[in-house]
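**Q** Build the complex from these two chains, which are given one at a time in their own frames, with help from the hints.
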Amino acid sequence: MNTDHEELIQLIHACLDGQATDVQASLLNSRLRGDAAARDLYLQLADTHSCLAVDESLWTDSLGSTRLPHFEAHSAPKRWFVWRPLAAVAAAAGIVFGMFCTSMVFGYVGPRVVEKMKAVFSEGFESSVTKTEPGLPREVGQWGGDEAHVVNATTAVKAHGGAKMLRFLSATHPGENSPRSQWGDVYRIVDVRGLAGVGSTVARVSASFTQGVVTGEEKFACRVGAYALDQDLSTLPSPMSHTWLQQNNSATGSRRAALKGTGRWQDVSVELPITRETRFVVLHLAVVQEQPTLKSGVVQFPGHFMDDVKMELLTRP
Amino acid sequence: MDFAESNTPAQPLTHEQFMRLFLAAERELLRYVMALVPNVSDARDVVQETAVALWRASEKYDPSKPFVPWACRFALNEARLHLRTELRRRRLIEEDVAAMLDERRVEMAAPLDARREHLRDCLRRLTEDQRRLVRGYYFEEESIEALAASFNRGAEAVYKSLQRTRQVLQQCIERKLQTEP
Chain A
266 MNTDHEELIQ LIHACLDGQA TDVQASLLNS RLRGDAAARD LYLQLADTHS
316 CLAVDESLWT DSLGSTRLPH FEAHSAPKRW FVWRPLAAVA AAAGIVFGMF
366 CTSMVFGYVG PRVVEKMKAV FSEGFESSVT KTEPGLPREV GQWGGDEAHV
416 VNATTAVKAH GGAKMLRFLS ATHPGENSPR SQWGDVYRIV DVRGLAGVGS
466 TVARVSASFT QGVVTGEEKF ACRVGAYALD QDLSTLPSPM SHTWLQQNNS
516 ATGSRRAALK GTGRWQDVSV ELPITRETRF VVLHLAVVQE QPTLKSGVVQ
566 FPGHFMDDVK MELLTRP
Chain B
-8 MDFAESNTPA QPLTHEQFMR LFLAAERELL RYVMALVPNV SDARDVVQET
42 AVALWRASEK YDPSKPFVPW ACRFALNEAR LHLRTELRRR RLIEEDVAAM
92 LDERRVEMAA PLDARREHLR DCLRRLTEDQ RRLVRGYYFE EESIEALAAS
142 FNRGAEAVYK SLQRTRQVLQ QCIERKLQTE P
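Chains as they are written, first to last, in the numbering used here: chain A, 266 to 582; chain B, -8 to 172.
Don't read these hints as lab results, they were simulated from the structure. Treat the hints with caution; some may be incorrect.
Stated by the list, open to error - Beta-carbon label-pair distances, calculated as ranges:
id	chain 1	residue 1	chain 2	residue 2	range
1	A	Q565	B	A146	18 to 26 Å
2	A	E272	B	A146	15 to 23 Å
3	A	G477	B	R47	36 to 44 Å
4	B	Q169	A	T517	54 to 62 Å
5	A	N513	B	R47	42 to 50 Å
6	B	A146	A	S519	25 to 33 Å
7	B	T5	A	D300	41 to 49 Å
8	B	L14	A	T286	36 to 44 Å
9	A	S503	B	E7	50 to 58 Å
As the list claims (entries may be wrong) - From the structure, some residues in chain A lie toward chain B, with a derived Cβ separation under 10 Å:
id	residue
10	E271
11	H278
12	A290
13	L293
14	A301
15	Y307
16	A311
17	S315
18	D320
19	E321
20	G426
21	R529
These figures come from a predicted structure and were not determined experimentally. Idealized CB from N, CA, C, for every residue including glycine.
Excised from the complex, chain B in its bound form (with noise of 0.2 Å):
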């Protein structure tokens, strides 16, 4: 592994209390490896082999500590891990790049809570078509053919819609940004 981590717990963790921790920290995680690896499948399969990579280090883990933190950064080296190997293939942020990402996340961790509650509630103000074209493309994991079949629309269009749909949230999200005291 390509960073240091040398704590020593005074006791190690039991599967139970690993699994407790990991199951509280996992989607946190998700959506940690997914700034870097966007494409939710291989996002997942990083954030098992992380899983993997945890549960061998546990021992090392300091309960006396955030466990969040200590794992993003054996999810940031399974995700470069990544990157190395599909980087070619899939177009992907360069290594150095999600360096510097990743670093920038952590300073924003707190204005990236705010947008998260606010996307909740400018989910709420789209139309029913918008919101099922966007639960459908990002949660279902449709394709474009397939939500254009669905709506009885052609491909352009229906992408067309999802990037509208997409600027009338990140508008909501700024704008509800700005009036927060």
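The shape of chain A in the complex, shown without the other chains (with noise of 0.2 Å):
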């Protein structure tokens, strides 16, 4: 094999794992438009990358047992029934498709279960809000928690939807004096009065988040929770807590992902029941340092950014 060519493989491979740089991906791009040979082994590369990633049958036959416990524990939960987002011409017609995505069965509900959807918050962190609050908000529009702010995206990292994005910084915010927090939680009241619809509602929320370069050992995970409140806002303590919230929710959901670090965004949502009685969701969106665990002392994020915020609503009649 010559070296143009195991070159080309190389630089095939690192576009295919995501891995290009910009040189990288303009070098492979030109040579893809004028060789017709490379085309070809690209495409060759490409098919084994992707029957690798979603052909189970090849892991399912006499490699059964190939499979590591350890990711068991720690997979995300793509081989879990999801909601996942849709395009806006879905959205429009109100109709929702659901997948199971590694099982190959494409759910589909049918007329029986047509949901309607509702987009009731998001946030691009593009204009208005440029840090969060200390402490937990108490009333609606407002960002509040543990210190991050608003940045531009870098060269290192881009943000997931237009220019900017949530740096988380601290686990704990001015004023807290926690003498040991390896969460770095932010929070976000949502008004829902009046709009669960005749049936059943859903709230789904979801968030995207990445972590930059990571030099030590330290493991880092992700979180998105929401809390249901059928309360006034007026009734809540002042100040707020998460030990609230966690006593006095009528709903409550979360899902927590480990993060990969490899640069990419993971979008991870969660879903809870609402009704008609159900005036408020509060988001609750958190980068951990799962490793090592802290005995003492406040963990500052290394490079934790998360974007694009939503919050939908699925009534099924």
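**A** This is the structure in structure tokens:
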């Protein structure tokens, strides 16, 4: 195998792995544009890449025993039924598709359970907000919690959408005086009064997270949580606390996912049922240093970002 | 949509008929999309957008013709939309190159099928560690760092192992193709 061929293979793999630099990507595009043999090679490698990733039968016949127990404990819930982001066109049509991702069973729900979807909250951090207010918010329209700032995209970390994103800075906020904290939490209250439709309504909260370069041994995870509140905001305690939310919600849901540190954005979503009595939903978005466990001190996050926080209501008749 | 499709079926598909066709085609569509959008999560999103587009256009489908090629036109369109929005951030294949690859992929359908069959055999010939590595990286979507921790090795060493294993697979497939009657 000649060097040029080997270099082309490396270039293609870098692109397929999502690791290509701008220069590499440009080089590969030029090469593919002008070289038919390179296009054939790309298609061969890309086909192998896709088969290894999505063809379950490759791994479930005689190779089933090779699964790593380690991954079963930590892998993202991709083998689970998930509601996935929909195109605006689908949303406009009021049609929701669900997918069993890797089982290849497409769970089209059919007219029996066609849902109405209503977008009730969307935050891309592109305007107005610059940082979180210290502590949990007690009113709608405010990001509160631990210290986090809205930052511009950099060459190292691009925003998930638009030009800005929220950067988690610290696992505490001014005035908290916490002796030990590994969680960087931010919160937002969303008003859902009168929005639950006839039938069963589910609030789906989603956010995208990414982790920059982490030079140490630390392991991080992200979490999306939501708490449904039937109370009026005037009854909330001051200061608000996470413990109060845990003890006084009418419904709650959360999902936690390990941050892989690949530079890719990871989408995490959670659903919780709401009723006509539900007045507010408190969104809880967080990153946490999972390892090593701290005995004391407060984690300062080396490069953890969030973008595109959304909440939609899905109503099934 | 930037492609022409004007078939008029005798009868529109029912939901059930559409779902049967889609289920049968889904894996092929995912593989198709991943040639242009390598990240599996992104590719699944593109396929789901494709499903929505297909359903909305299902009245135009002619059941006397194969479903997959028809569906692939929609998938290509959705993949192009994805590439337009994600190109700068994700360093993906450029649109004109994607069109060239798509054209060639149709011509390579049979050889790619053969390669897939050989891939199955070649996977069996890997060592246990190599299979664990390939499965972890591709099928479990684990990062190199997570795999390195699992193997108790450095990330650089694990990535090199992955590259070597890919090369072994590629060479195995090539050997098998050459010995085919």
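**Q** Now, for every hint given, state plainly whether the structure supports it.
**A** Going through the hints against the structure:
no.	hint	verdict
1	A:Q565 / B:A146: 18 to 26 Å	holds, 24 Å
2	A:E272 / B:A146: 15 to 23 Å	holds, 22 Å
3	A:G477 / B:R47: 36 to 44 Å	holds, 39 Å
4	B:Q169 / A:T517: 54 to 62 Å	holds, 60 Å
5	A:N513 / B:R47: 42 to 50 Å	holds, 44 Å
6	B:A146 / A:S519: 25 to 33 Å	holds, 30 Å
7	B:T5 / A:D300: 41 to 49 Å	holds, 46 Å
8	B:L14 / A:T286: 36 to 44 Å	holds, 39 Å
9	A:S503 / B:E7: 50 to 58 Å	holds, 56 Å
10	E271	holds, 9 Å
11	H278	holds, 7 Å
12	A290	holds, 4 Å
13	L293	holds, 8 Å
14	A301	holds, 8 Å
15	Y307	holds, 7 Å
16	A311	holds, 4 Å
17	S315	holds, 4 Å
18	D320	holds, 7 Å
19	E321	holds, 8 Å
20	G426	holds, 9 Å
21	R529	holds, 7 Å
The structure shown violates none of the earlier numbered hints.
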